[in-house]
Structure formats: C-alpha cells, structure tokens
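Those protein sequence lines, which keep their order, are chains A and B. Per numbering that gives the first Met the number 0, the very first residue in the first sequence carries number 0; after that it's consecutive. Per numbering that gives the first Met the number 0, the very first residue in the second sequence carries number 0; after that it's consecutive.
The hints are simulated quantities; they were obtained by calculation from the structure and are not laboratory data. Note that the structure is predicted; figures quoted are calculated from it, not measured. By construction, the Cβ of each residue, glycine as well, lies at the ideal position given by its N, Cα and C atoms. Be a bit skeptical, because a hint or two may be false.
With a straight-line Cα cutoff of 20 Å, these simulated SDA-like cross-link-like pairs (lysine to any residue) come out [to be verified]:
| id | chain 1 | residue 1 | chain 2 | residue 2 |
| --- | --- | --- | --- | --- |
| 1 | B | Lys151 | B | Lys205 |
| 2 | B | Lys127 | A | Tyr327 |
| 3 | A | Lys382 | B | Pro25 |
| 4 | B | Lys267 | B | Asp72 |
| 5 | B | Lys181 | B | Leu214 |
| 6 | B | Lys87 | B | Val61 |
| 7 | B | Lys273 | B | Ser171 |
| 8 | B | Lys8 | A | Leu138 |
| 9 | B | Lys169 | B | Arg63 |
| 10 | B | Lys191 | A | Tyr327 |
| 11 | A | Lys265 | B | Leu49 |
| 12 | A | Lys234 | A | Tyr327 |
| 13 | A | Lys227 | A | Ile150 |
| 14 | A | Lys227 | A | Ile140 |
| 15 | B | Lys8 | A | Gln2 |
| 16 | B | Lys187 | A | Tyr320 |
| 17 | A | Lys89 | A | Ile229 |
| 18 | A | Lys382 | B | Leu318 |
| 19 | A | Lys227 | B | Ser325 |
| 20 | A | Lys89 | A | Glu106 |
| 21 | B | Lys14 | A | Asp213 |
| 22 | B | Lys187 | A | Gly321 |
| 23 | B | Lys14 | A | Leu206 |
| 24 | B | Lys139 | A | Glu326 |
| 25 | B | Lys256 | B | Val61 |
| 26 | A | Lys265 | B | Trp281 |
| 27 | B | Lys133 | B | Asn150 |
| 28 | A | Lys382 | B | Leu20 |
| 29 | B | Lys133 | B | Arg118 |
| 30 | A | Lys416 | A | Ser65 |
| 31 | B | Lys175 | B | His252 |
| 32 | B | Lys24 | A | His303 |
| 33 | B | Lys244 | B | Lys256 |
| 34 | A | Lys329 | B | Asp137 |
| 35 | B | Lys122 | A | Leu168 |
| 36 | A | Lys382 | B | Gly30 |
| 37 | B | Lys87 | B | Thr213 |
Label-pair restraints from in silico Cβ distances [claimed, not checked]:
| id | chain 1 | residue 1 | chain 2 | residue 2 | range |
| --- | --- | --- | --- | --- | --- |
| 38 | A | Met173 | B | Phe268 | 14 to 20 Å |
| 39 | B | Val61 | A | Met173 | 21 to 27 Å |
| 40 | A | Met173 | B | Ser35 | 31 to 37 Å |
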Amino acid sequence: MIQHFVAFQAMKDDILNQIEASRQVIINEKNKDDPFALVVDGKALEIALRNDIKDNFLQLAVTCASVICCRVSPKQKALITRLVKKYTGKMTLAIGDGANDVGMIQEADIGIGISGMEGMQAVMASDFSIPQFRFLERLLIVHGHWCYKRISKMILYFVYKNIVFGLTLFYYEMYSRFSGDVLYDGWYMVMFNLFLTSLPVISLGVLEQDVSSDICLQFPALYQQGQKGIFFSWKRIIGWMGNGILTSLVISILNVYVLSPSAFRKGGQVVDIAHLGLTTYTTIVWTVNCQIALIITHFTWIQHIFIWGSIFSWYIFLLFYGALPPEYSKREYKLLIEAVGPAPMYWIVVLLVVVISLLPYFIYMVIQRSFYPMDDHVIQEMKYGRKVVVDDEMWLREEKSSRKPTQIGFSARVDAKILYLKDQLHRKKMFIIKSIANSPIRRSISTNPLENRD
Amino acid sequence: MDQKNKNSKKPVYSKFSQQELPAWKPILTPGWVIASYITIGALFIPIGLLAWTASDSVVEIVDRYDEACVPDDFSKNPQSYIQNPNIKKTCTRSIKVPKKLVAPIFVYYQLENFYQNHRRFVKSRSDKQLRDVKAENDTKFCLPIAYDYDNKPIVPCGLIAWSLFNDTYKISTRGKDISIEKKGIAWKSDAKAKFGSNVYPKNFQKDGLIGGATLDESIPLSEQEDLMVWMRTAALPTFRKLYGKINTDIEAHDTIKVEIQNNYNTYKFGGRKKLVLSTTTWIGGKNDFVGMAYISVGGICLFMAINFILLYVFRPRRLGDPSYLSWNRHPIT
Numbered sequence: 000m001i002q003h004f005v006a007f008q009a010m011k012d013d014i015l016n017q018i019e020a021s022r023q024v025i026i027n028e029k030n031k032d033d034p035f036a037l038v039v040d041g042k043a044l045e046i047a048l049r050n051d052i053k054d055n056f057l058q059l060a061v062t063c064a065s066v067i068c069c070r071v072s073p074k075q076k077a078l079i080t081r082l083v084k085k086y087t088g089k090m091t092l093a094i095g096d097g098a099n100d101v102g103m104i105q106e107a108d109i110g111i112g113i114s115g116m117e118g119m120q121a122v123m124a125s126d127f128s129i130p131q132f133r134f135l136e137r138l139l140i141v142h143g144h145w146c147y148k149r150i151s152k153m154i155l156y157f158v159y160k161n162i163v164f165g166l167t168l169f170y171y172e173m174y175s176r177f178s179g180d181v182l183y184d185g186w187y188m189v190m191f192n193l194f195l196t197s198l199p200v201i202s203l204g205v206l207e208q209d210v211s212s213d214i215c216l217q218f219p220a221l222y223q224q225g226q227k228g229i230f231f232s233w234k235r236i237i238g239w240m241g242n243g244i245l246t247s248l249v250i251s252i253l254n255v256y257v258l259s260p261s262a263f264r265k266g267g268q269v270v271d272i273a274h275l276g277l278t279t280y281t282t283i284v285w286t287v288n289c290q291i292a293l294i295i296t297h298f299t300w301i302q303h304i305f306i307w308g309s310i311f312s313w314y315i316f317l318l319f320y321g322a323l324p325p326e327y328s329k330r331e332y333k334l335l336i337e338a339v340g341p342a343p344m345y346w347i348v349v350l351l352v353v354v355i356s357l358l359p360y361f362i363y364m365v366i367q368r369s370f371y372p373m374d375d376h377v378i379q380e381m382k383y384g385r386k387v388v389v390d391d392e393m394w395l396r397e398e399k400s401s402r403k404p405t406q407i408g409f410s411a412r413v414d415a416k417i418l419y420l421k422d423q424l425h426r427k428k429m430f431i432i433k434s435i436a437n438s439p440i441r442r443s444i445s446t447n448p449l450e451n452r453d
Numbered sequence: 000m001d002q003k004n005k006n007s008k009k010p011v012y013s014k015f016s017q018q019e020l021p022a023w024k025p026i027l028t029p030g031w032v033i034a035s036y037i038t039i040g041a042l043f044i045p046i047g048l049l050a051w052t053a054s055d056s057v058v059e060i061v062d063r064y065d066e067a068c069v070p071d072d073f074s075k076n077p078q079s080y081i082q083n084p085n086i087k088k089t090c091t092r093s094i095k096v097p098k099k100l101v102a103p104i105f106v107y108y109q110l111e112n113f114y115q116n117h118r119r120f121v122k123s124r125s126d127k128q129l130r131d132v133k134a135e136n137d138t139k140f141c142l143p144i145a146y147d148y149d150n151k152p153i154v155p156c157g158l159i160a161w162s163l164f165n166d167t168y169k170i171s172t173r174g175k176d177i178s179i180e181k182k183g184i185a186w187k188s189d190a191k192a193k194f195g196s197n198v199y200p201k202n203f204q205k206d207g208l209i210g211g212a213t214l215d216e217s218i219p220l221s222e223q224e225d226l227m228v229w230m231r232t233a234a235l236p237t238f239r240k241l242y243g244k245i246n247t248d249i250e251a252h253d254t255i256k257v258e259i260q261n262n263y264n265t266y267k268f269g270g271r272k273k274l275v276l277s278t279t280t281w282i283g284g285k286n287d288f289v290g291m292a293y294i295s296v297g298g299i300c301l302f303m304a305i306n307f308i309l310l311y312v313f314r315p316r317r318l319g320d321p322s323y324l325s326w327n328r329h330p331i332t
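Sequences and hints are given; from them, build the entire structure.
See the structure below:
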C-alpha cells in the first residue's frame, strides 16, 4: 500500500516537472506567435486531471494552440471537456462520431455528432448532427452566424412589441383612476400575440439573413460578431426597451389628445371608450409590424405576406367581430363599419402616430448606417449596392484580410520547417565562421589584439 | 460529379429548405434616406395644412355654467341648493357668438372630473335587459340599482342609466327660439340592435336616491336618444356628449340666450359642467393639434432631409468603402 502510494507520488512529481518544464519552454520562446502543441496520453492524463494538479495542467494546455490526447477513455474525454469549460469559462464545442464520444458531446456546451461509420449513438446524444466532418465549417460560420443574429433580433423585437402593447394598457389606467377598466376588448388582447404579430416574428427568426451563405464563408471574420456578442449586449437591450417605452407613450398620449373631447366625425359624434380602444390598438398593430419591416434585411415573399397579411387580418377580424350580434360583440358591434371606418380622422391619426413612433428608430438606423456602419452593412453594400466601389481585386483583398494569419495547419508547418532549416543553416555558417576566427592559424596571422574578441 | 447515385443520402434540394428563396435586400443608401424623408415631408405637410384649415374653420363656443348658475345665497353650499326640489333651477346665460355658425350646429354638454370609465360604473348595466323585454330580471350586475322597494325589476337597471344627465337647454337668439333637434343623436346601431323597440322603462328613478333624469314610460328604449347617448360610456374623465342639433344658422356677433335647467348634481364630487356649441368639418370638431402635428412632423423630416444632403455633400462615405470594415480599423492579431 505504501509502496503504491510512493510510486504514485513519484509519478505525480514527474508529471508536475514535465508540466513546469513545458511552461518554461513556452515562456522562453522568443517569437510569441509560435504555436505549441501538447501531446498527452491516457495514463498521464489520469494523474494530470486530479484535483491538486489539474490547474497547472490546464494552465499549460490552454496556452497551447492544440492539445492531442491519445488513448483516453470516454470518461476522461468528458472530464477534460468539463474541466476546460469550467477553467476557461468559454463556450466549448465537442464533435465526435462514436459511442465513446457521447460523454464528451453531452458535457460540452455544443455537441455535434457525425453520423456514419460508427453508428448513430453520437448523433442521438448530440445537439446538432452532420454527416461529414467538413460540414462543421458551414455549420459554424454560416448557420451559427445567422442563428445568432436571428435570435438576438427576435428576442429584442419581442420584448419591444410586448412593452408597447402592455404599457398602453397601464397608461389608460391613469385616466380611469386605476379602477381596472380595460381599454381594449378581451378578444383584441388574445389576438395580439396569437395572430396579429406572431407570424412576422417567426419569419424573422427562421428566414433572416444579413449576408448570403457564400459571403459568410468568404468572410469568416463576420463570425466574430457572434463571439464578441455585439448584437445582444446590454446596450441593445436597454435601447430596445427604451424604444418600446417611448413608442407606447407616443401612441397613448397622441391618441388620447387627438381624439377627445371634440367630435371626430362630420356627424358630430364623439369618441367613447370603444372607439379610443380601437384606434389605439390599430396604431399599435401598424407600428409594431412596420417596425419589424424596418429590422428585416432579407425580404422574401413569406415575410411580405406575413407582415402585411397580419395588418390586413386585423381589419378582417374587426369586420367579423363587429358583425356578430351584440350579445357576443358587445361594445365592438359594427364598430369599424359604422363608426370608425368612415371617419377620416381615424386614418389620419393612425398614419400620424405610426410615423412619429417609428421616426426615432429610423433616424438612429440612418445615422448608424451612414456614419458608423457595421461589417455586415459594408459587405452588403459592396455586394448588393449599386456599385460605387467594387472590383474583384478589392473583394479578394478584403477576403484575405478577414482571415487570421494561420499559425497552425499545413501552410504554417511548411513555413515553420523552412524557418527551422534556415536557422540550422545559419547556425552552421556561424559555427564555421567562428571556428575560422578562433583557429590558431588565424590568431597567429593577425596580431591585432582587438580581433581576439571571443 | 453529382450523379444520381441511388445510395446517395443527400436530401432533396428545395429553395426553401436551403434558404435560397429569391429575396429583396434593401440597402439604406443616401438616396433612399433622402427620398424617404422628402416623401414623408411632402405627404405630411399638405395633409397637415388641410387638417389645420378645416379645424380653423370650425367655430366652437364653450361656456362653463355650473358655478355661475348657483344663486349667491347657496354659493358656499351648492349641494343644498341642488338637492332641494323646491328651488327653481332655471338659469339664463348669455353667450356672444364670435363667428357665424353654419348649420348643422351641434350642442354638447361637457362634463369634467366625471369618471364614466371607472370599472364599477362601466360594469353596472345589463345589456340583455335593454335588448329583450323578456329579460327584465337579468339584473345581476346592476346592484344596487336593480330592484325597487316592491322588489320589482328596474328597467333600465344599473348605475349608468340611473345617473342619466338631466340638465336641459333652451336656446334663443334675437327673441326667437331656436329649436334643438333631439332625434338621431345616438348611433344607429344602438337604436336598431342594442336597445329594444319593445322595451319600456319601468320603475325607473322611483324609489331611493334620485341620480338623474326620469324617463317617459311610454317611449321605448330604442327611441330614448338621451339615454342611448349617455349609456355609451366615455373614455376619459373629461368628455362631451351630444345633446342635440341645430339646423339653422346663427349669425356672427349675435348674443345667444340659453335657458338652463341646472338639475344635475356635479357639486358633490367637484365636477364641472360646460355647454358647447360647435360646427364640424370632415375631420370633426375643433382639433388644431392634428394639423399642427402633421405640419411639424413634415417640417422635421424636410429639415432632416436637408441636413443629410449637406452631410453627404461635405462628409461623404463611399458605399462599400472597405476602410470601414472592422478588421481594417483594428487589425486581427
């Protein structure tokens, strides 16, 4: 038992020494950009991943450009993934094709399974599955990039839309002494998130593309937008919430101020709660749908149908609801046809409020696009705009600069080999020169003491 | 290359699943920006001018009478005046007409600080009872104004009907009475579908506290215009309701004499009563705000258009200028 313990201690110390030595090599390396690779085998990993020395090991591993672990058991694969995840705090991705990769795939933040030669176990345990390893590039750079932008836009818009809708209800409470009378009919509110504003959001979340897939592949630097998290930052969240609050204020105040107390029709009729509710709600539906039209950059026929169809379906709903007998439609009986529709004031108010609500965002969008454009805006302009500047040479040049200079991979190895051979040659040369300089023959020839400079 | 291999597992290509649907990708170029601002400006300013001139041509006279119509002896205690049935409530007001009022002239009563939109008030009615003579016992939501002292149902029940406005106005000018037409002031759909033509008021304002006007029991509800107008609960605490229409012109600089029966008790809750005479145009009554809002927005947009034109002239950014790419500004290390 004690022998076992002593042997174990010795192995542990040995591994610690190796780790320390490797760290020193890295620190002493002159060229800071040189990539290092770490090779570990399963037995050493067993010891290196123990609680007391795992921090040292991870510190070394993280500074290397690549770490190769061979002969590892499935449990160790999962353990490594978990430790790296915890130690670095970064997003981890695991890809594998066999049953022994299942632990690792489930442990990582994103697990990708490759279906094929070794069966479907990895696929069944993974978040995404691809048929061949080479599709990983497309998965990350095209779909990952699109997905990030879609989800952030969708979430921010959804929060905005519900703030606009919900806050107008609260503002009305101020006018009714907080007694709880609701400005809108119950069915209006049910329809809001079901039919009137949900389909455009779905089309945004599913079909939105800022640049097409081949451009994503040509400019991998666009992927960095997701890694840096610039589309879902606190600034953006607060900005959209502020937009929602401002829009709801504009809608509520303008509708109340314009529509009362004077008559709103030539026939002298005044607005009552049903008319005010209808007009306010109509402005909300229009504003919210036009806002999503301003966000979307990729309009297919699906988006058009959903957005304009949602607005249109609101009027259809009003006609149907108003046609129901008064036991069911209560205050909304014949509201659009008889009372509100023929009144020019209704249409004027809607147009005014929608434009005023969207104006701040429009101004912001214009200023950003014109003077502080983001990468995808510039690339969109290069590709799709009426060319003011475009030529193939510039396109290729920007393509190249959007990639990091490779430090790993075939070309880097070739470069490294060339560098190494050059270095060897140089050393040999210096050796020869030095040995000539120090040779006794030379020293005897020249009696200049200054030359003896070793 | 891509032969039809029976063993190929490649999924069937469709434009939708490969996300290659034909699409329109709008780019916000300087041209579009300036064009959209100018369009909004060009659209809004004429609408604004139209709306403003229409509102400007509306003549509106507002006269507050609730304080002036309390006799001096009761000015400290208007409630005892208003609740005393023995005191005559007649009050005469003189109003000067600034501009010619062209028929039809609409007469409104305006109430302020009266929360017709309070939830308890709004709920206190029975629509079924109003429509159907057989449903006169459907008074569930109307309590406490549901049954009289003999336990007979009150038609129409509820607080809304009970608080029906009961001031009346008689207008005369140059010694001649001007008739105020009281027919056709409610919404047609109310008269046809929401208030039954065979439902008559019953036991209304008989017992207990009197809240407002009494109703003629021989007239069916579908012809009780004042009731129908009043039961359309207003949205805000300051509201007007149509009292009647005048179908003759009133000349400018005339003095109108209004004989008011000051019956309605707004003194208890600090409400205000005003009489309003107004003409209408295609956008309704007096509403300067709409016209001015349109003109302002149009003006702002034109101003932004000019600003952007200047900015683009003096600080242009070429479209697709690669120096704005982030990796050219902060090189990737």
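Tested hints:
In summary, the hint linking lysine 151/B to lysine 205/B is supported, as the alpha carbons are separated by about 11 Å, within the 20 Å threshold. Our distance criterion of 20 Å between C-alpha atoms is met by lysine 127/B and tyrosine 327/A, whose separation comes to about 11 Å. For a cut-off of 20 Å, the pair hint linking lysine 382/A to proline 25/B stands: about 12 Å separates their Cα positions. Of the pairs offered as hints, the one joining lysine 267/B and aspartate 72/B holds, with about 18 Å between alpha carbons and a cut-off of 20 Å not exceeded.
The straight-line distance between the Cα atoms of lysine 181/B and leucine 214/B is roughly 15 Å, inside the 20 Å bound, and the hint therefore holds. Distance check on the hinted pair: lysine 87/B and valine 61/B sit about 24 Å apart at the alpha-carbon level, beyond 20 Å; violated. Taking the CA atoms of lysine 273/B and serine 171/B, the gap is near 18 Å; set against the 20 Å cutoff, the hint holds. A hinted pair counts as satisfied when its Cα atoms are at most 20 Å apart, and lysine 8/B with leucine 138/A qualifies at roughly 18 Å.
Between the alpha carbons of lysine 169/B and arginine 63/B the distance comes to roughly 16 Å, so the proposed pair stays at or under 20 Å and holds. Simply put, lysine 191/B and tyrosine 327/A have alpha-carbon atoms about 16 Å apart, close enough for the 20 Å limit, and the pair holds. Of the supplied pair hints, the one linking lysine 265/A and leucine 49/B holds, its CA atoms being roughly 15 Å apart against a limit of 20 Å. This hinted pair does not check out: lysine 234/A and tyrosine 327/A have alpha carbons roughly 46 Å apart, beyond 20 Å.
Taken as a hint, the lysine 227/A and isoleucine 150/A pair is honoured in the structure, with Cα atoms around 15 Å apart against an allowance of 20 Å. At most 20 Å may separate the alpha-carbon atoms for a hinted pair to count; lysine 227/A and isoleucine 140/A meet this at roughly 14 Å. Pair hint lysine 8/B plus glutamine 2/A does not hold up; C-alpha atoms about 58 Å apart against a cutoff of 20 Å. Annotation: proposed proximity of lysine 187/B to tyrosine 320/A holds, straight-line Cα distance about 18 Å (limit 20 Å).
Taken as a hint, the lysine 89/A and isoleucine 229/A pair is honoured in the structure, with Cα atoms around 16 Å apart against an allowance of 20 Å. This hinted pair checks out: lysine 382/A and leucine 318/B have alpha carbons roughly 10 Å apart, not beyond 20 Å. Of the pairs offered as hints, the one joining lysine 227/A and serine 325/B holds, with about 12 Å between alpha carbons and a cut-off of 20 Å not exceeded. Taken as a hint, the lysine 89/A and glutamate 106/A pair is honoured in the structure, with Cα atoms around 13 Å apart against an allowance of 20 Å.
Annotation: proposed proximity of lysine 14/B to aspartate 213/A holds, straight-line Cα distance about 15 Å (limit 20 Å). Distance restraint check for lysine 187/B and glycine 321/A: the Cα-Cα separation of roughly 14 Å lies within the 20 Å cut-off, and the hinted pair is therefore satisfied. The suggested pairing of lysine 14/B with leucine 206/A holds, with an alpha-carbon distance near 12 Å, which does not exceed 20 Å. Our distance criterion of 20 Å between C-alpha atoms is met by lysine 139/B and glutamate 326/A, whose separation comes to about 16 Å.
Between lysine 256/B and valine 61/B, the direct Cα distance comes to roughly 14 Å. Compliance with the 20 Å bound is thereby established for this hinted pair. Taking the CA atoms of lysine 265/A and tryptophan 281/B, the gap is near 5 Å; set against the 20 Å cutoff, the hint holds. Under the criterion of a C-alpha separation no larger than 20 Å, the hint pairing lysine 133/B with asparagine 150/B is consistent with the structure, at around 17 Å. Under the criterion of a C-alpha separation no larger than 20 Å, the hint pairing lysine 382/A with leucine 20/B is consistent with the structure, at around 17 Å.
Only pairs whose Cα atoms come within 20 Å are accepted, and lysine 133/B paired with arginine 118/B is rejected, the gap being roughly 27 Å. For the proposed pair lysine 416/A and serine 65/A, the alpha carbon gap of about 18 Å is at most 20 Å, so the pair holds. Straight-line distance between C-alpha atoms of lysine 175/B and histidine 252/B comes to about 16 Å, which keeps the hinted pair within the 20 Å bound. Among the hinted pairs, lysine 24/B with histidine 303/A is consistent with the structure: their alpha-carbon atoms are about 13 Å apart, no more than 20 Å.
The suggested pairing of lysine 244/B with lysine 256/B holds, with an alpha-carbon distance near 16 Å, which does not exceed 20 Å. Pair hint lysine 329/A plus aspartate 137/B holds up; C-alpha atoms about 16 Å apart against a cutoff of 20 Å. Taking the CA atoms of lysine 122/B and leucine 168/A, the gap is about 18 Å. The hint holds against a cut of 20 Å. The suggested pairing of lysine 382/A with glycine 30/B holds, with an alpha-carbon distance near 17 Å, which does not exceed 20 Å.
Between lysine 87/B and threonine 213/B the alpha-carbon distance is near 17 Å, which keeps this suggested pair within the 20 Å criterion. For methionine 173/A paired with phenylalanine 268/B, a C-beta distance near 18 Å keeps the hint of 14 to 20 Å intact. Taking 21 to 27 Å as the suggested C-beta distance range, the pair valine 61/B and methionine 173/A conforms, at roughly 24 Å. Distance hint for methionine 173/A and serine 35/B: a CB-CB separation of about 35 Å, consistent with the stated range 31 to 37 Å.
In summary, the numbered hints that this structure violates are 6, 12, 15, 29.
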